[in-house]
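Start from chain X and add chain G according to the hints.
Chains as they are written, first to last, in the UniProt record's numbering: chain X, 1 to 886; chain G, 1 to 112.
Calculated pairs, SDA-like style, for lysine to any residue (alpha carbon to alpha carbon, straight line, at most 25 Å): (1) X/LYS411 to G/ARG74; (2) X/LYS193 to X/PHE272; (3) X/LYS65 to G/SER61; (4) X/LYS133 to X/ASN370; (5) X/LYS677 to X/SER706; (6) X/LYS65 to G/GLU10; (7) G/LYS40 to X/ASP12; (8) X/LYS45 to G/GLY72; (9) G/LYS40 to X/PHE56; (10) X/LYS321 to X/GLU170; (11) G/LYS40 to X/ARG60; (12) X/LYS45 to G/THR28; (13) X/LYS287 to X/PRO224; (14) X/LYS495 to G/GLY72; (15) X/LYS314 to X/ASP167; (16) G/LYS40 to X/VAL59; (17) G/LYS56 to X/GLU25.
Not the full set, but computed from the structure, chain X residues with beta-carbon under 8 Å of chain G: (18) ILE23; (19) ASP26; (20) VAL27; (21) GLN28; (22) GLY29; (23) LEU31; (24) HIS32; (25) GLU33; (26) SER54; (27) HIS57; (28) PHE63.
Derived from the structure by calculation, the hints contain no laboratory data.
Since the model is a prediction, treat every value here as computed from it, not as a measurement.
Every residue, glycine too, gets a C-beta built ideally from N, C-alpha and C.
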Amino acid sequence: MNNPITPPRWADRFLEWFLPEDILEDVQGDLHEVFQSQVHATGLKQARKAFMLSTFHYVRPYFFKRRKKQTHHTNLLSLDMLYNFFIIAFRNIQRNKIFSAINIFGLATGMATCLIIMLYVQHQVSFDRFHEKADRIVRVIFKGSVQGEKLNEAHVMPPVAQTLLADYPEVQQATRLRQYGTPRITSGDKSFKEDAFAFVDANFFQVFTLPFLQGDPKTALLQPNTVVISQSTAHKFFGNENPIGKILTFKDFKATCKVTGVIANIPDNSHFHIDVFASMTSLPEAKSASWMTSEFYTYLVLPPGYDPRQLERKLPQVVEKYMSPQLQQAFGMNYSQFEEKGNHLGLFLQPLTDIYLHSDFMYDLGPRGNTQHVYIFSAIALFMLLIACFNFMNLSTAGASKRAREVGIRKVVGSVKGQLIQQFLMESILLTSISLLIAVVLVVLALPLFNSLTGQSVAFTSSGALTLLPGLLLFGLLVGLLAGSYPAFFLSSFKPITVLKNTLATGNKSIGIRSGLVVVQFCISIALMAGTLVVYQQLRYIQSKDLGYNKEQVLILGETWVLGKQEEVFRQQLLQDPRVLRVSRSGYLPAGPSNNNNFFIYPDDDPAQQIKAIRYDVDDQYMPTLGMQLIAGRNFSPQMATDSSAAILNETAARALGWGNDSLDRTITRSTNEGEKKTYRIVGIVKDFHFRSLHERISPLVMVLSPNSGTMIVKVKTADTKDLLASMKTQWTALTPDEPFVYSFMDQRVEDTYVSEQKIGKFLGIFAGLTILVACLGLFGLATFTAQQRTKEMGIRKVLGASVPTLVALLSKEFLKLVLLANLIAWPLAWWAMQSWLQNFEYSIRLSPWLFASVSVAVLLIALVTVSFQAIKAALVNPVDSLRNE
Amino acid sequence: MRRSFLGEFEEVILLVVASCHPEAYGVTVWERVQVQTGRKITMSAVHATLYRLEEKGFLHSNMGGSTQERGGRRKRFFTLTPAGASALQEIQALRTKLWQGIPQNTLQLFGI
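Looking at chain X on its own, in the form it has when it is part of the complex (with noise of 0.2 Å):
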């Protein structure tokens, strides 16, 4: 042992914790003197053991007693001492209003992203759970590879439903949905278009929670021929009267049928919304045995607790036993032949819950959210708040000189580190509460826009709201603990005679600390800002990207389907009018909602060659109303008979074939499902173009003439589009009176294919501003005092002959060093980020440094100004002025 002659350290220890104050010093003294003397008398090792005896015997009631006595004096949570927390609080407040007033706003600003995104991610996982079996409910979807080709569906087969029904007790309930186009729906004078219509099930409404208004679940869709609505809709034909038993024309199937039901509006969070539900019975393909149409979107009800994957694994048996045979009849092959070529299909199961993040299908039913928006949102919000606590953090630190006296003062008339260390936590949290208030109010007034952007319902009104006011007050708290603690703990561990003999070094130590704060705050806004960039440049280059045809200038008339045999007529009227160059009918665009059909195809020479090509019906106006360049061959032509056999391949399809540019008179083959075969002759080959999304690689295509009614697409050429648009409308009118004249350009429609980038694209770009913002207002705050600080220095260099630039440079240095070293860890993290993000796109931009460069040219340029400002104000004081303040 070093130092032999001393009692045992725990026992010491064990006293100074337990006696009060006010004996300790004797009380230790009197049992260290003892011990010295019993040391002499009995040697060391009996001391020690005796002493530690005797310390033990003062756990004794009266000790006790008097260590109540004494901590009631110093009262943690007295109301006297909080009532003095926080005038203090309010009068820094007021002393520090610059400070104050940055601490506030930017941590106002972070918390209200975050409430903001918060609400957003709850709406969005909040999906399809109020139905009271979501837990138990999956859906059937379609997944397979045919010739390479990805098929991924989220409807199946019409007799999926029956079957798993049938040969699986553990399918409870099996109901299926089946969307049919928009029909006109008409009940006495008022008629409209209902584009939320569907067939469903009997079953449905006991697979699904939703509440009849009127009318019975169980029974409503029966009977042939009825129709269940929803509250909105029964009041936009029957105003307040009662709409059950009411009859409701359907044009378009030539049927009438009965309302049996109403049911509240379906909640803004479902995967369907669906308006008018009709009965399947009324539906001849309802009982359709066909395995190689899908069109049914099919929903399955498992036993409670059960693991939908048990029941999936169960599936390929129906694939080899149902399927197996029809494929046979319509390709002349098995499945498991079928498979040996390399291709593979089969139905898997999907929880209701996950389709609207989770799923991403060819056909589904309404906007899918977005995993991957959920997911940047959130890393938005989390570093929003972030940014927001390191600017409080800092501000806080770095004002501590102003409150080290004050510090000081309190030591000495007896504060101990406990209680500064609640005075300042108290201080934050004052602080964040304020801010909170502050942020929802931001977030009120900030939802609408937010909605509008997002193109969702978040509201912070509804039920949701106040589920989430605990946990706002928790969040304030958590906050105000986070961002303060840091200041706190720095504060109070001031040395009172230090800091009153004004010798302390102030924050020398939490310089290093502040600097790593302001690298990631800059980190941050410079990743968010590169993002941005990044996604802006992959939108201009999708607006400006070559697509293989002219979207310019291009009408497309929808629903020209009802003018039926007058279609053509209106056709020669549209061509009439000088402003129209070409008029072409096809329902089959390449952007937008399109029809679409798959075409499996083989070339005669290699019948085993099959390929999967997506079929376009046209006309021998199509291409060049679109302005597709053909490479090869000719276009189809009316005059030719033999054209109704003729095909003009893409240039993927022509080099699927294996023919590449001599494909010319050579036929191809598609077999039907019915097994019947039809032989094409390849007469043209059109240039690549893109007609599906640059999110996808062009695939095979094969058109075919065969003029079919439903879609014109119109090329103009006019500078008043307005105008031409209102003398079709006449042209229109004048042939059907009740049927809207619907019309889209195409270029809005290759717009609106990017709808989602352009969001990300719009979000990145304000929280990027956001963050930069704030980030800045941190750094403004820093630089502010660094400049007090070293008011004296400065004066001292002025006199001894330092040119303003020279001190301007000196100040603003340390802060552009932080810049451009969080430069050098955003690079890589946005790169990597936005390297990730553009693999979305089939087709993308190449990342390139200058883009990186010119974000950091600008970041450091803003953080020059922020600081250069006060670093100005500072250089340009006089320095008789800051050398006299005293």
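Below, chain G without anything else, positioned relative to chain X:
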């Protein structure tokens, strides 16, 4: 003023403090009590009693006289207050009165 009750041990401590004057602090009191009474007592009992007597107003304390073996800690010296002195005197008077009240030879019966 209602008189505080003095226990036997308290009385002993009070007497020892008086006899140790002006050097009465924890250690001296503790040693003297043990020497005088021959009892083995703990330091904590001495301290608790001293403080209690101070609270009752019989003792007064002030700090001073730190030494090296105490690790630089000061001693708490106790002195009798007037109330403490009169309390001792009253006890003494009471005892004397009671002694005088014992009939002759009563104690001699026990061979004392």
